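Please take these sequences and the hints and turn them into a complete structure.
Here the protein sequences line up with chains R and B, keeping their order.
Using the working numbering, you'd call the opening residue of the first sequence number 1 and step up by one each time.
Using the working numbering, you'd call the opening residue of the second sequence number 1 and step up by one each time.
Note that these hints are calculated values from the structure, not bench results.
This structure is a prediction, so every number in the text was calculated from the model and none was measured.
There's no promise every hint is true.
Unchecked claim - One-sided and incomplete, this derived list gives chain B residues near chain R with beta-carbon spacing under 8 Å:
hint, residue
1, 2
2, 3
3, 121
4, 351
5, 369
6, 376
Using N, Cα and C, we set each Cβ at its ideal position, and we do this for glycine too.
Protein chains: 2
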Amino acid sequence: MLKKSRLFTPGPTPLQPAVQEALARPILHHRTDEFRAVFKECTAGLKQFLKTDDEVLILSCSGTGGMEAALVSVLSPGDAMLALVAGNFGERWAAIGRAHGMAVTVLEAEWGDAVPAERVAEALDRDPRIRGVFVQLSESSTGAAHDVEAIARVTRGRKDTVLVVDAISGAGAMRLETAAWGVDVVVVGSQKALALPPGLAFVSMSSRAWAAAERAETPRFYFDLARERKAQAAGESAFTPAISSVVALRAALAFVASMGGVDELVRNAGVLGASTRAAAQALGLPLVAPRAHGDALTALYAPSGVESGAIVKALKAEFASTVAGGQGKLKGQILRIAHLGYYDATDILGLLATLEIVLRRLGHRFDLGAGLAAAEAEYLRLTP
Amino acid sequence: MLKKSRLFTPGPTPLQPAVQEALARPILHHRTDEFRAVFKECTAGLKQFLKTDDEVLILSCSGTGGMEAALVSVLSPGDAMLALVAGNFGERWAAIGRAHGMAVTVLEAEWGDAVPAERVAEALDRDPRIRGVFVQLSESSTGAAHDVEAIARVTRGRKDTVLVVDAISGAGAMRLETAAWGVDVVVVGSQKALALPPGLAFVSMSSRAWAAAERAETPRFYFDLARERKAQAAGESAFTPAISSVVALRAALAFVASMGGVDELVRNAGVLGASTRAAAQALGLPLVAPRAHGDALTALYAPSGVESGAIVKALKAEFASTVAGGQGKLKGQILRIAHLGYYDATDILGLLATLEIVLRRLGHRFDLGAGLAAAEAEYLRLTP
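What follows is the structure, given as structure tokens:
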């Protein structure tokens with residue numbers, strides 16, 4: 001049987017065709033007016049994407065590089081910081097902080113849950129020296145979402161504490177009102193909702209964040225955001241940018257605009273996520289994050305008696321579809337299906353049908369078509 | 001909502017990615033050893049694709065051009081010919097014959113049926129002057145298939161009558177044993193099972209067909225297959241070929257070989273077709289060709305109370321999926337879903353799920369998921 005390779009992983013996500021076309025073009029030189037114009041279009045588009053008038057800087061690195069750039073730019077060694085850890089990526093905030101000598105306090109949630117804003121308020125009351133709160137909008141290892149709006153209500157009144165949000169996989173898949181909520185720093189990666197290859201990170205910085213950056217003494221060079229701020233105001237990056245990726249970013253942002261803007265992309269992921277959750281319930285696959293789920297991805301336990309790894313392998317072997325398995329302590333227990341980025345209903349419904357076929361082959365008992373019936377009904381309910 | 005443009009039409013079909021890559025390469029010159037090597041690889045691959053040792057000529061024209069080239073090469077003006085007409089494309093054989101002054105006898109089948117081999121035998125017995133029998137393997141306007149194997153049993157014993165098969169949409173989607181069955185001329189188009197853009201046609205010619213070509217006096221120049229035969233033996237075409245398309249053809253043939261050959265591509269279409277027919281039955285959409293269906297495509301009547309044009313429009317508007325409507329006398333009455341070429345189970349199951357959503361919106365009453373349940377069950381039955 002013919003099989004098309006398809007990624008349903010929460011990054012990298014499938015490339016948008018206009019992105020592919022842009023990547024295939026002859027390269028520009030980056031110290032030219034032509035490229036500066038592209039760069040400026042991109043930073044303007046990223047502001048709309050993140051709903052902020054703050055500067056959004058374009059860095060040539062992965063999302064983790066963006067996280068590190070954000071952290072070293074707002075803290076000094078020895079500074080107290082709060083890391084909200086609800087999964088594998090939350091642990092990364094703590095690890096980056098420790099690598100740079102910060103005094104890291106961890107607020108942990110059970111994997112599948114999120115850390116509530118009240119616990120953040122309590123922690124900040126307990127230790128007023130905390131200079132930064134670091135959190136994921138979407139925790140990709142569990143599919144859980146933090147209530148960044150509520151957490152920002154806690155942080156925005158404390159003038160010496162900035163809120164730094166890893167929205168690498170959340171931005172463009174879930175609501176994020178950077179300016180309206182008062183989020184100080186947002187980090188995004190290119191290979192997520194924007195449907196680009198990995199290689200670019202985007203960091204927005206509020207005036208509070210820039211004030212923190214002026215004070216921050218953590219040694220930094222490539223990730224010196226103040227240096228980038230100056231260069232990028234003129235449409236250049238301080239160091240050689242990933243030129244083709246920037247040209248492709250312009251195409252990606254134009255695609256989002258053509259859809260009706262980021263809200264429509266968020267709505268798309270919301271409908272696909274809800275349809276997937278409905279199918280999962282009908283098929284007896286428990287959600288990993290039933291109370292705190294986001295829409296960037298859906299993480300599911302295998303039904304009893306079936307190995308999740310066997311499902312992942314069978315989808316790949318029989319249909320060439322790649323879903324993600326578990327990370328960290330959920331390794332081997334779950335599967336994760338992405339909704340962020342360039343997916344449409346036909347993609348997700350097709351995947352769910354092949355998931356039914358695979359589950360049937362693995363001996364799971366359910367009515368064939370039950371998951372599709374539930375997913376279609378949910379789709380119809382949400383798109384009247 | 002995000003929508004990806006998808007073609008489910010029986011030509012053009014989606015491009016295979018290696019074809020897209022090949023088309024994007026810098027162009028070669030066609031009077032070079034490099035291109036001659038590509039050309040020869042293609043003719044060798046086409047022989048495997050059509051299961052014959054006969055020469056297969058590559059023409060730069062659409063499938064209709066290939067049909068005309070075949071007809072003018074084996075008949076002289078005034079010659080008697082038999083056109084088997086089971087739909088829109090059968091009528092084309094008659095029209096081309098009349099345009100060149102042939103004495104055309106039409107054997108008609110109801111649309112949705114095929115002309116049986118016995119009627120061909122009777123017609124040839126009745127009129128021994130008939131020099132050519134012209135037929136479609138797959139009649140794309142109805143989804144019906146002719147029993148070319150049985151028809152070839154009738155023609156291959158009559159030394160002055162050649163069998164010319166339009167396999168434009170049938171080859172690579174349905175069984176075709178050119179040599180073993182004794183088919184004299186086969187015509188194929190590039191934009192069908194081979195997943196190339198339109199622009200190339202392929203014509204295989206048996207020794208009986210070449211003998212007819214020597215006698216044939218129909219005026220011809222661009223479509224002079226004897227001239228092409230001579231040029232193509234040396235890896236060149238008589239006139240400037242569609243160079244990039246030929247380079248892409250090599251990639252397309254390599255893809256078919258990597259799947260396990262044309263039989264596997266045929267099996268793929270067979271499973272997708274059977275799954276689609278199972279879904280159609282479960283959803284109450286009558287087949288246009290219930291007795292004579294092929295696997296290149298499935299043609300369906302709308303359920304009672306629903307306009308087929310409304311289904312076609314809604315699939316396009318809501319999901320950006322293009323299925324074909326009806327042609328000729330079936331215009332406005334049916335929809336046609338392609339299986340030939342670069343489609344996999346995820347594609348077809350995804351389309352069927354969106355078809356359910358659209359049917360529900362249009363007021364058709366059925367159990368959501370019923371079509372998917374039937375399609376998945378049929379898929380499981382056929383791929384144990």
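Hints, verified against the model:
1. 2: Holds. Min distance 4 Å.
2. 3: holds (5 Å)
3. 121: violated (37 Å)
4. 351: holds (7 Å)
5. 369: Nearest chain R Cβ about 3 Å off; hint holds.
6. 376: Given a least distance of 5 Å, the restraint on residue 376 of chain B holds.
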